[in-house]
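S.K.: As given, the protein sequences belong to chains W and U, one line each in that order.
When the letters of the first sequence are read in order and numbered with the working numbering, they come out as residues 1 to 434.
When the letters of the second sequence are read in order and numbered with the working numbering, they come out as residues 1 to 434.
Accuracy of the hints is not assured; some may be wrong.
You can't tell identical chains apart in this list, so a pair holds if it fits in one copy or across any two.
[As the list claims (entries may be wrong)] SDA-like mimics (lysine to any residue), calculated; alpha carbons at most 20 Å apart, straight line:
hint : residue 1 : residue 2
1    : K216      : R96
2    : K339      : T6
3    : K216      : K339
4    : K339      : G250
5    : K339      : P252
6    : K216      : R394
7    : K339      : M69
8    : K339      : G349
9    : K339      : F264
10   : K339      : L201
11   : K216      : S93
12   : K339      : V411
13   : K216      : W426
14   : K216      : L162
Don't read these hints as lab results, they were simulated from the structure.
There are 2 protein chains.
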Amino acid sequence: MSERITSVEALDVRFPHRDGSDPVDPFPAYAAAYVVLRTSAGAEGHGLVFAVGRDAELQVAALRSLAPMVLGEPVDRLVDDPGALARRLVGDSQLRWQGPERGVVHMAAGGLVNAVWDLAARRAGQPLWRLLAGLSPEQLVAQVDFRYLRDVLTEDEAVGLLRDARGGRAGRERRLLSQGYPAYTTAPGWLGYDDDTLARLCTEAVDVGFRLITLKVGVDLGEDVRRLSVARQAVGPDVRIAVDANQVWGVPEAIRWMRALAPFDPYWIEEPTSPDDVLGHAAVRAALAPVKVATGEHVHNAVMFKQLLQADAVDVVQIDACRVAGVNENLAILLLAAKFGVPVCPHGGGVGLCELVQHLAMFDFVALSGSTEDRAIEYVDHLHEHFVDPVVVRDGRYRAPSAPGMSAEIVAASRAAYRFPDGTRWTTVGAGRA
Amino acid sequence: MSERITSVEALDVRFPHRDGSDPVDPFPAYAAAYVVLRTSAGAEGHGLVFAVGRDAELQVAALRSLAPMVLGEPVDRLVDDPGALARRLVGDSQLRWQGPERGVVHMAAGGLVNAVWDLAARRAGQPLWRLLAGLSPEQLVAQVDFRYLRDVLTEDEAVGLLRDARGGRAGRERRLLSQGYPAYTTAPGWLGYDDDTLARLCTEAVDVGFRLITLKVGVDLGEDVRRLSVARQAVGPDVRIAVDANQVWGVPEAIRWMRALAPFDPYWIEEPTSPDDVLGHAAVRAALAPVKVATGEHVHNAVMFKQLLQADAVDVVQIDACRVAGVNENLAILLLAAKFGVPVCPHGGGVGLCELVQHLAMFDFVALSGSTEDRAIEYVDHLHEHFVDPVVVRDGRYRAPSAPGMSAEIVAASRAAYRFPDGTRWTTVGAGRA
C-alpha cells in the first residue's frame, strides 16, 4: 500500500504580546492556525496561516473544512503535483461561495498547500527554495493556474522568463549561500517612541547592517513629520526610509499626506489605501513619483497582483507566504512581477511569515528575477525562538536555510504551551500577560 | 433600563436539493447561516448569509465570532445608526486580517448588519424599502463609509444625487405599489434540458410576463450555440436573453466564446471571468459592445464596484444582499451606480436572496435612480415557501412587500426541520433525498 496522508491536524496557537496593553483587546496575540499533515510512513508536513487573535479559531475551522480533501491522499500524488491539490481546494464547490479565492477559505487552502510543499521538500531532503530552483521551467509553469492570467502572461512567456534566468544560476546560488539575501527592518518604526529612542533604534538598525528601515505613519501628520525628521537625521541621506500607512487613507488623503512627508525622501509608501483599490494605487503612484508605492500583504490573489502591475499601480510587490493559496499562487505572482520587471520585497513578521517567505524570495533570486537589487525581505524580530528552523538574519541579511522543508515547523513544546485555549501558557495564572 | 440585545443566535440551516444527484456532493444543499437578534423587550431582527453546503458551518462560526460586538448593545443605538455598527464589525482588529472587507468575515458582518436593519424596520412598522426611502439624504449618506470612495464620490455629491431624486417620489411609490418592479428569470437557463424542454420553458417564461431570461453558458460552445438558437427562436427578437458564464473563462477566451454567440443577440454576459478582474471586465466589455457586461454576486465590496464603474468595465451592477457588509455597503454601491448612471439588476436565488434584495432595488427606484428602465431583479422560484414574508412575483414583476422588516425571517418550523445536522429533515431516514 502506498504512503498516504493519515491525519490532518489543525491547531489554534496564540502567543501573547509581550506588552499586552491594547485597550481594545486586553489579550491581543500573535496567532497561527497551524496544520500538520502526517503520513502512513511517519513523515510530516507543516503549514500555518498567520492570525492576530480570535480569527485563528475561524481559520482553524476553515482548515478543518478543507482537510477531507487531503486526508487519505497518496503522498506521491500530492508532492509530485501540489498544483493539482491547490486547484481542487480553491475550486471546492461547497466553500467557494464564501470566497472565491479570497479571505478565510483562500488562506486555508494556502495553509494546506504550503504544508504539502513542506512535506515535499523534506522528502527531497532540501530546503524549499532549492527544491523549487531545481525544477525545470516546464515543471514550475505546470504548478501555476493560468486561467485568469493569460491576457497578461501565457505559459510560454513564463517558461521563457525562467529559461532566460538559467544563465548564472550556479553563481547566484553560491552568492546566496555565502552572502545571504537583503533584509529590511521595522524595528524603529512602531508608533509611540520618544525622539531619543527612535533615533537610537534607527542608528542601531544601520549599525547592524540594514539599508532600509520602515516607519508606521498615518495617525497624526505633525507627529509623522517630526518622526521622519528624526529618523532621517539619524540615518543620513543614504539609508532608505520607507513608510507604512496600513490602509488608513482614501486616495486624495494619501496624496496630501505623503506630499507633506516628501521632504524627508521616503523610499516607498506601503498600503496607502484599500488593498483592493488597484486604480487608487495607480492614482497615488502617479501623483507621488518618485516616491514608490508598495503593497501586497493584504492583496488576496494573483488576479489582483496582475492588475496592480497592468495598471502601473505598484513599484514594489510585497508577497506574503500565507495570504494567497500557497507556494503555487506565489509562483504566479513572482512570474507576473518578473514579466513587469517589478521588484519583490516580501512581507514578514507575524508568526512564521519570515520563515516561510524567505524561501520564495531566494528561489526568485536564484531561478527567476536573478537579482537582489532594490529587493529585501521584511524582518521583524519576534517569535523566531518557537521555530525548529528559525530565520537567521546577520549583518542585515537573511542567511539561506539549509534544513529540508519550508521552515514552518513550530517546536512541539511551544505548540503544547501556546495552544489556545488549553495550552499551559493560557491556563495558568497570569497567562496572556507574560 | 433601556432595551438591549439579549441574544444573538446563529444557525446552520440547509435545504437539500430536490434532485440531489451531483456525483461530487452526494448531499448538496442550499443553505444559510441564519442569525436572530433578540431584545429585552421581546423584539427580533433576522438576517442570513447564503451558503451552498458545508460552508454554512464556517459562516456560522464567523457570525459567532462577531456576535459579542452586538450582544448587550442598546437597541436604540443600533437601529438609529446601523452604519456605526457596520464600521465596528468591518474594522474589528481580531478578524480583519482574515479579510479585510472580503470573504467569510465580511459576509458575516453583512448578516449582522442586515439583521439590525430588519429589527429597525420592524420597530418602525415598515418594510425596509419604505423605511430607507423615508430617510433624508443626509441620514442616508451618514450610513455610508466614504473613506475609500471619495476619489470618485463625495458625501456632498451623494446628498445631491438623493436630493435630485426627490421630485416624483410619491408617484413612483404609487407606481411601485400598483405595478411592482420588473423581474427576470433563470428558469429556462440551467444546463441539461433537451431542446423541446428549453423551448417550452422559454415560452412559458414569456407567457407569464418575463421580458428578460438568462441562460448558463461556458461548458461547451457547440451546445451553447444550439441552446441560444433554440431559445431565441422560442422567444422571438424582442425578449432579452442574457447569458451567464459563472467566471469560467479567462479574458481572451471570454471574448472568443461570446463572439460566437453574438448572432443570437445576447443582452448581457454575466461573470465572464474572475470577479476580481476589473481590468479584465473592461477589456471584455470593450471587445464585445454592444453586448453588455454584468457582474456583482461575487464582487466583495464597494471599492471593487467603484473600480468596475471607474474603468467602464460593467453595464449592469448586480448587487447581492449578502455578499457585502449589509444594507449600508449596498447603499454605497447604489450611490456609485447612480453617479455613473449604470442600472442595477440585483442578484437573487439561493436562500432568501430575492426576499432581502428586493428592498434595496425598490428603495433605489423610489428614492435614488428613479427608474426601472433596463432594470430587473433576478427571480429564482425555490425555497420561498420557507419564508414568513415570501416574495410575490406576478406577471413578471415583484410586488412590493408591505410587512415590516427586510423579509428575512424563515418560518420557525422550517428552521427546526432543516437545521443542520440535527433538524428532523436531516436525522430521519432518507433525509437529504427529499
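S.K.: 20 Å Cα cut-off: does K339 pair with L201 within a copy, between copies, both or neither?
M.R.: neither (37 Å within a copy, 49 Å between copies)
S.K.: Check K216 against W426 for me: Cα-Cα at most 20 Å, and say if that holds within a copy, between copies, both or neither.
M.R.: neither (31 Å within a copy, 52 Å between copies)
S.K.: With identical chains treated as interchangeable, where does the CA-CA distance between K216 and K339 reach 20 Å or less: within a copy, between copies, both, or neither?
M.R.: Neither way: K216 and K339 sit 30 Å apart in one copy and 35 Å across, limit 20 Å.
S.K.: Treating 20 Å as the Cα threshold, decide for K339 and M69: within, between, both or neither.
M.R.: Close neither inside one copy (33 Å) nor across copies (45 Å); limit 20 Å.
S.K.: Is it within, between, both, or neither for K339 and G250, if the alpha carbons may be no more than 20 Å apart?
M.R.: between (29 Å within a copy, 19 Å between copies)
S.K.: Checking K339 and P252: alpha-carbon separation at most 20 Å within a copy, between copies, both or neither?
M.R.: between (30 Å within a copy, 19 Å between copies)
S.K.: Cα distance capped at 20 Å. Does K216 pair with R394 within a copy, between copies, both, or neither?
M.R.: Answer is neither; intra-copy 24 Å and inter-copy 58 Å both fail.
S.K.: Cα distance capped at 20 Å. Does K339 pair with G349 within a copy, between copies, both, or neither?
M.R.: Answer is neither; intra-copy 27 Å and inter-copy 41 Å both fail.
S.K.: Treating 20 Å as the Cα threshold, decide for K339 and V411: within, between, both or neither.
M.R.: neither (39 Å within a copy, 55 Å between copies)
S.K.: For K216 vs S93, is the C-alpha pair at or below 20 Å within one copy, between two copies, both, or neither?
M.R.: between (40 Å within a copy, 17 Å between copies)
S.K.: Go through the copies and call it for K339 and F264: within, between, both or neither, with a Cα cutoff of 20 Å.
M.R.: For K339 and F264, neither the intra-copy (32 Å) nor the inter-copy (39 Å) Cα distance is at most 20 Å.
S.K.: When no copy is named, should K216 and L162 be tagged within, between, both, or neither for a Cα gap of at most 20 Å?
M.R.: For K216 and L162, neither the intra-copy (36 Å) nor the inter-copy (39 Å) Cα distance is at most 20 Å.
Checked against the numbered hints listed earlier, the structure breaks hints 2, 3, 6, 7, 8, 9, 10, 12, 13, 14; every other hint is satisfied.
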